[in-house]
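S.K.: The hints should help you fit chains U, C and Z onto chain S, whose structure is shown.
There are 4 protein chains.
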Amino acid sequence: MKALRYDGPGQSSWGEARAPQLLESTDVIVRVELTTICGSDLHILKGDLPEVKSGLVLGHEAVGSVTEVGAGVRRVKVGDRVLVSCITSCGACEFCKRSRFGQCVGGGGWILGHLIDGTQAEFVRVPFADTSTYAIPAKVSDEAMLMIADILPTAYEVGVLLGTAHPGDLVVVLGAGPVGLAAVATASLLSPEAIIVIDVNDARLAMAKTFGATVTINNHLVDPLSEVQRLTEGQGAHVVIEAVGLAETFELATTLTRPVGHLANVGVHGAPAELHLETLWSQDITITTGLVDTFSTPTLIRLVASEQLRAADFVTHRYKLEEITKAYDTFARASETGALKVALSSMAST
Amino acid sequence: MKALRYDGPGQSSWGEARAPQLLESTDVIVRVELTTICGSDLHILKGDLPEVKSGLVLGHEAVGSVTEVGAGVRRVKVGDRVLVSCITSCGACEFCKRSRFGQCVGGGGWILGHLIDGTQAEFVRVPFADTSTYAIPAKVSDEAMLMIADILPTAYEVGVLLGTAHPGDLVVVLGAGPVGLAAVATASLLSPEAIIVIDVNDARLAMAKTFGATVTINNHLVDPLSEVQRLTEGQGAHVVIEAVGLAETFELATTLTRPVGHLANVGVHGAPAELHLETLWSQDITITTGLVDTFSTPTLIRLVASEQLRAADFVTHRYKLEEITKAYDTFARASETGALKVALSSMAST
Amino acid sequence: MKALRYDGPGQSSWGEARAPQLLESTDVIVRVELTTICGSDLHILKGDLPEVKSGLVLGHEAVGSVTEVGAGVRRVKVGDRVLVSCITSCGACEFCKRSRFGQCVGGGGWILGHLIDGTQAEFVRVPFADTSTYAIPAKVSDEAMLMIADILPTAYEVGVLLGTAHPGDLVVVLGAGPVGLAAVATASLLSPEAIIVIDVNDARLAMAKTFGATVTINNHLVDPLSEVQRLTEGQGAHVVIEAVGLAETFELATTLTRPVGHLANVGVHGAPAELHLETLWSQDITITTGLVDTFSTPTLIRLVASEQLRAADFVTHRYKLEEITKAYDTFARASETGALKVALSSMAST
Amino acid sequence: MKALRYDGPGQSSWGEARAPQLLESTDVIVRVELTTICGSDLHILKGDLPEVKSGLVLGHEAVGSVTEVGAGVRRVKVGDRVLVSCITSCGACEFCKRSRFGQCVGGGGWILGHLIDGTQAEFVRVPFADTSTYAIPAKVSDEAMLMIADILPTAYEVGVLLGTAHPGDLVVVLGAGPVGLAAVATASLLSPEAIIVIDVNDARLAMAKTFGATVTINNHLVDPLSEVQRLTEGQGAHVVIEAVGLAETFELATTLTRPVGHLANVGVHGAPAELHLETLWSQDITITTGLVDTFSTPTLIRLVASEQLRAADFVTHRYKLEEITKAYDTFARASETGALKVALSSMAST
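Protein chains in written order, with the numbering used here: chain S, 1 to 350; chain U, 1 to 350; chain C, 1 to 350; chain Z, 1 to 350.
Here chain S stands alone, though its shape is the one from the complex (with noise of 0.2 Å):
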């Protein structure tokens, strides 16, 4: 089959792979329809990830087709088209148990693309096929599920639920790429006040507002901290998402947290940030970090399933899966292409 390997920091190359074979009695090969290309996957090409071993194929989301079955599986059968999740999930480890999906040590956790070849390929091989894929829908459309499987229950998950948004609550989202939007949209569902947007690219926010951005700010013009605190008559935000991943926005995202409010980090952090206990300490402040666990995926499917979640529209640019360096190319010149998501679709599917 054809893959995209990984070959060391600033090189992948698109080409011949030996095709995944079952190797657990619980594992399921998958034949992918349809694929994407994710952050995380930017940060492992720039060598950032060193667990990640040359040769693995990248890749965490997919849409796809059963072709295989494991002695062991009893919910998944070949034929069946199933959302492969950026998560997989053992199902009977102490964190599995109380539905800590991401934090698995039996096995499972974020593998795919990471530590066992991935998704970016013809054909890829899903452990724990029982507890880590989700049957499509009728009315879900392969495009809107592909996004369920990482941006979505991500910025659900760590950033809205964990910051625990509330209706009237007065949100902030820092960061208007595809997880940070992703926040805009799930926030919506819970009836904040408002939802005010952070970032430097007026493209993007502009895409917020179509998301459900009350308020945008470009803080290359506009001091953010000020901005928000009239905004907010000086009390600042009740939950602020972290959605880019930098010290300087975390230590933002800590001044416009209003006393008794949440700070939710979704980032992905290369390095330490500051944090200013001194005025922190007695301001009932509480920050959370997370890896997405997957546990609201039902939801989500339900949600898009009764139109209440428009999750298609993050699907900005389609590829053929052999053309998938391009697509990186495009996603990785996000600023200049207006790319969220792109759809990588096998030829089979087209």
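Derived by calculation from the structure, the hints in this document are not laboratory data.
Hints are not guaranteed to be accurate.
[What the hints assert, rightly or not] One side of the interface only, derived from the structure: several residues of chain S facing chain U at Cβ under 8 Å: (1) W14; (2) R75; (3) P272; (4) L275; (5) L280; (6) L291.
By construction, the Cβ of each residue, glycine as well, lies at the ideal position given by its N, Cα and C atoms.
M.R.: Frame of chain S, contents of chains U, C and Z only:
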């Protein structure tokens, strides 16, 4: 009357002061029978809290008798013996209506001995008396009650409850000062599997055992991270309570917290700490800060009355109020004197 | 002044009454500009609430202007335009300090038009004004504000929040009267997958659709249990809100709730219901009852101001205050007149 | 092998049965070393549970050794000594993924000794072994472990946790049978102000004291409502746990619950109860029902290992497995024999 005044950084004096008078209809005047000294009083004396004005009477903890009552006071009568809490609550602002009295924006919060004259005096004016004082039940001694003015609710609310300790959890407390030990005592109410206490002072660690610690670590002798890792099979603690207030101990605390765990900061900090988001971002950690709200005061009073919380054991030294300078000295040299809390009684009550 | 008095079961009269005076230092007097009639007023008139004494002025919802202020009032001034809420809160009792104002044991709770003279009059005395009235923001109309005096917080707190509605849930509301429809409107804030409304009145079911119902069932024509089973693939609803107050509808509600689901009773009941514990015991069902606390009042005001809650749409009929007898007739014959809420305005404000 | 079979209402027999075999890849076979009898076994024998088929092997609690392992089992090996829990969990259905294993719709739930052959036998087939068995730590005795198969998690999860007991609460437990006493023991973990236990049997009330009850009421001698009112100054209890299963005790429980309190039903009911909504509707009461989920099993094991929960004390009588008929007789006549739990050991392990 006599009172202890703050005379600017490094200086204080016990001497004559103008007796307090009712200023608002919701005030009462309390004759102080028992008061104590808090670690934050030492911070004020050092000059760490510039908002404290020279000439202020210090102290925010007392047991006493009501001598005058404003026209708008409904629940407190002249002659009532009451606990004066460190937190004053207006009862009507948005924070007070949500039980977050520590964040009161209606004129309360931590004001006694901070923004208005405090309790280290023969008399004190207590604003918002209906919502800021507590009756003393027959079964509770004055010294036990005095411990509920600050250290017990602070440790319980900001440490144990914000840290979400549950039965069977592994809890770490950093710092075995009065608040750290109060965290040990109140965490014990929730039957953790174990409570590990870390401090540099062996005498205080020995006291920690009497309050419920199961394991103690002298971090001058043993590396606390590797010891906690050893004791928890490499997992870290479910709940970590920082009760020191240094960047170094806060940073240690983040490394002791297991995935999905909680780090509750109770320490008063004077400088920023480094937050290692490059490792924490994916670990589902919750970090909380907080000023005590005293919503748990009635609960703590009941637990002392039912002998489940040995509050009076925190009092290690007793003085007459007029000996307050000596008491400050004993308290400030706690590592030598073994002082936890000093009880200062007016002559009237002895 | 003029007022509507309860004259014992079945009787009331609009006529001259003694103008209210300040009795406690925490009272204010409000000149009523807008008031309305509640279903519980009809219960009182029927004699269902024997604690209501003959001669009492009815009504517990109003918008008006403050004309007098007691000595202990700090936050409300003469001339302020305020919402008078159905719940009065002393702010200091154990329940008020935990935000459970409806259970106030310090002299508040539901007292207006129930235990003390109410709002269906030209003037009303409002106890504990600092904690029981709310300022009216510029963006909120008086009629919208009036809906926040009772039906919106009742439906939201006792129905939607105690019922723990979440995005993607399937919600059933029994009863499409004013409170049932307010439950539909406020449940919509949380983006359920669907809201199914059950009533016997087609006109009210049609209104339910305008407030956010996705499916309506006329239970005189269709069996609601089998219809809900059909719509939910046999599972039942995550959240069931009883807004009728009959044993029959409560018992139906228990059968519509799925395992791990919540049944929130909002209806005012006059008789016991049968609880089928022989089937429910193992189903992980949570049943809640409640009187409104009005802790959500500030939130609801913000949501009306931000146009996410169309509160004014509940007002279907308007009268002058002096026409109150006619208004009661219209409201009592709601199934014929189509009345939801009637707005009664004093001449001064028209 | 030998096993105890249910032979239809009123009848059972100890005798030869076909040894169990692996049926699914996720099954294991366990040689039973220790088992016990549950109140629900008596219900089955009475014919109260018509879904139980004649010929079924009874029992749903065991400690034993794994003798065979299916191809899909990953975490359990031949020779492992394990706890067999009353709840079997598929690990993959919507309920299991949310930790509600008792409601499993993937083939688990309460099936052992109910829908499939159970543990009162020399060998038992345990489905979904990876998610339904627990390793036995060195510090925990087999008898203590056996108590974690059902009564301790049932009492803790369905009684104490659904009842939301907190430090300082006043807790009432109705019924001092094994589950009621387990509720006393596990409520004690949370340091209530007091635990009041109500039963008709003085011997069981005496045992309640040894498990942590502070007050006991024999409701054949004293009116429990007036006694609880007296003890709580007319307020009632924060948490009421019904552990009897009769309409009469459930109805009593509703009257013992204070406003904003919780009533947790643990009892297995065979008939409806009357719910006095005409008084309860306004009292902010939460009523919960539930089948145990066993999510707390790892926590309870840790608490037994750390000697905070004296699980083994529930075992009052010991028999050989072949004496099971005598053991049933002892257990059924508990009011005479004083039996709480009987431990039945196979010869192999004695």
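S.K.: Taking the hints in turn, state whether each one holds.
M.R.: Results of checking the hints against the structure:
About 28 Å separates the beta-carbon of S:W14 from the nearest beta-carbon of chain U, more than 8 Å, and the hint is not met. Restraint check, S:R75 versus chain U: the minimum CB separation of about 26 Å is more than 8 Å; hint violated. For S:P272, the interface hint holds, the least distance from its beta-carbon to any beta-carbon of chain U being 5 Å, beneath 8 Å. The restraint placing S:L275 at the interface with chain U holds, with a minimum CB-CB distance near 4 Å, inside the 8 Å limit.
Satisfaction of the interface hint for S:L280 is found here, the shortest Cβ-Cβ separation to chain U being roughly 5 Å, below the 8 Å cut-off. Hint on S:L291 holds. Least Cβ distance to chain U is approximately 4 Å, under the 8 Å limit.
Checked against the numbered hints given earlier, this structure breaks hints 1 and 2; the rest are met.
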